[in-house]
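Heads up: the sequence shown begins at 1 in my numbering, then just goes up one per residue.
Source of the hints: derived by calculation from the structure; they are not laboratory data.
Every clue listed holds true.
Cross-link-like lysine-lysine pairs, in silico, BS3-like; alpha carbons within 27 Å at most:
#1 Lys71 <-> Lys13
#2 Lys71 <-> Lys17
#3 Lys11 <-> Lys71
#4 Lys33 <-> Lys13
#5 Lys33 <-> Lys71
Derived DEER-like restraints, expressed as beta-carbon distance ranges:
#6 Ala53 <-> Ala14: 38 to 46 Å
#7 Phe36 <-> Asn79: 19 to 27 Å
#8 Leu5 <-> Ala64: 17 to 25 Å
#9 Ala68 <-> Glu6: 22 to 30 Å
#10 Asp76 <-> Ala12: 21 to 29 Å
#11 Asp30 <-> Ile50: 15 to 23 Å
#12 Asn79 <-> Glu54: 14 to 22 Å
#13 Arg42 <-> Lys11: 32 to 40 Å
#14 Met39 <-> Gln10: 20 to 28 Å
#15 Ala74 <-> Lys13: 24 to 32 Å
#16 Gln38 <-> Ala77: 14 to 22 Å
Note that CB positions come from ideal geometry on N, CA and C, so glycine has one too.
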Amino acid sequence: MYAGLERIAQKAKAALKERFTALTHHLTVDLFKETFSQMNRRGAPGVDRISMAEYGQNLDANVADLAARMKRGAYDAPN
1 MYAGLERIAQ KAKAALKERF TALTHHLTVD LFKETFSQMN RRGAPGVDRI
51 SMAEYGQNLD ANVADLAARM KRGAYDAPN
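Take these sequences, add in the hints, and give me the full structure.
Next comes the structure, spelled out in C-alpha cells:
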C-alpha cells in the first residue's frame, strides 16, 4: 500500500473520532498506477462500461486525467 495512505489508515484506527479534511494531495498518478496494477484483471467492466484492458491501453493519460479531476473536485463518478 502507498506509504502515505498506510499512515492515514494507522492514524484513523488509533483515533476513531479524528476527521480528515484534506487528503487530495495523496491522489497521485503513482498511487493510481499502483492501484491499477493490483486490481483483478478478470473483473467485469465498471459502471462506465470500460474494461481493465481498455483503461490500461492509455494508462498514463487516464490516470493523469483522473488525478487532475480528483484534485480540482471535478471528478463525477458514473451512475
